[in-house]
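2 protein chains.
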Amino acid sequence: MLPDPIRKFVEIFAKLPGIGPRQATRIAFHMANQGKNSVSEAAKAVAGLGNLSVCASCFTATLANSVCAVCSNPKRNPKIIAVVEKETDLTSIEKTGKFEGRYLVLGELKKDGILNEMQKLRLKTLKNADEIIIAINPTTYGDINAEIISQELKNSSKKLTRLGRGIPTGGEIEFADEATLESALEHRK
Amino acid sequence: MLPDPIRKFVEIFAKLPGIGPRQATRIAFHMANQGKNSVSEAAKAVAGLGNLSVCASCFTATLANSVCAVCSNPKRNPKIIAVVEKETDLTSIEKTGKFEGRYLVLGELKKDGILNEMQKLRLKTLKNADEIIIAINPTTYGDINAEIISQELKNSSKKLTRLGRGIPTGGEIEFADEATLESALEHRK
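Protein sequence lines, in the order shown, are assigned to chains A and B.
Numbering-wise (the numbering used here), the first sequence opens with residue 3 and increments by one.
Numbering-wise (the numbering used here), the second sequence opens with residue 3 and increments by one.
Fair warning: there could be bad hints in the mix.
Reference listing, derived: stretches of chain B covered by chain A, where coverage requires no fewer than 3 residues with Cβ under 8 Å from a Cβ of chain A [claimed, not checked]:
| id | region |
| --- | --- |
| 1 | 4-17 |
| 2 | 26-38 |
| 3 | 44-57 |
| 4 | 60-68 |
| 5 | 89-98 |
Think of the hints as simulated: they come from the structure by calculation, not from any bench.
Glycine included, C-beta positions come from ideal geometry on N, C-alpha and C.
Hey, can you work out the whole structure from these sequences and the hints?
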């Protein structure tokens with residue numbers, strides 16, 4: 003019943019993270035109603051993503067044939083590496099302005115904790131590090147993944163760490179789980 | 003700090019309904035990581051929306067120079083019209099298979115209840131109807147809009163109605179407001 007261009011758009015966009023068929027349909031009609039100029043600008047913005055490749059050193063999406071801004075910065079310590087799942091995790095850590103090492107982007111992790119070949123190869127590029135911070139979400143699945151990543155990296159670094167746990171800003175003590183509270187007590191300041 | 007193609011994508015896609023800058027960034031990296039072929043397919047799907055125009059009769063997005071599937075169906079009663087805000091409202095009503103009239107798509111409504119020129123022109127195309135169902139969301143803002151639309155349509159139809167209120171499937175009586183419960187009691191069956 004939907005016009006063909008809407009159907010095709012929904013087919014592709016409904017699979018993107020956080021978007022389902024319902025929202026994709028709404029977005030499709032919304033864009034269509036914005037008119038031809040907006041549509042062609044949006045199409046160009048999508049096509050522009052094709053100019054990205056991965057940084058040869060940390061594997062974050064970056065302009066083709068270039069090293070990313072972090073890895074090419076001589077002030078960053080290449081011996082301290084934060085292993086993250088997604089580029090958006092990297093972006094969030096960068097926003098703190100407090101991390102002086104570099105990154106390794108693994109790509110989306112499976113819930114079963116099994117790393118794919120590409121992820122194993124990426125981990126193998128890490129050698130002789132002073133510290134590797136396994137900056138994977140402290141969720142149930144994330145913890146399984148972090149455990150497996152630790153195994154892979156056990157000979158790659160002097161030190162393996164994870165991000166500290168505690169009550170997040172705006173969080174409520176009442177609803178914090180025991181492990182979080184225990185860590186928050188331990189790191190009180 | 004973000005690569006240029008990501009930044010441009012986020013600029014446009016963060017403004018779409020239900021997507022903010024954070025999700026747009028995540029989607030951008032996700033698409034970039036899917037590789038050039040997927041990116042170019044997605045760009046084509048977006049560009050395809052440019053082939054849509056609005057139905058000359060009900061103003062839903064449809065292939066250019068054509069009348070939509072509903073309006074061109076001789077079995078539909080053109081004297082009974084459901085006025086909806088968005089195409090996705092139309093789609094939801096169509097899915098019931100229980101509405102035999104046709105539609106008028108108004109386009110996104112402002113929260114202040116003021117109709118724009120295009121919306122007023124669209125409403126003016128409705129004349130000599132047997133029934134016009136003002137199928138606008140029964141929210142506080144929607145009710146204001148519905149009231150204003152009623153005013154515009156007071157000489158256009160023998161009957162003006164709105165969708166019935168009641169407890170939705172899966173809803174809880176405890177949390178229903180008084181107007182909803184009152185209507186649910188009235189229309190019990």
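**Study point:** Ascending list of hint numbers which this structure does not respect
**Key:** Violated hints: none; all satisfied.
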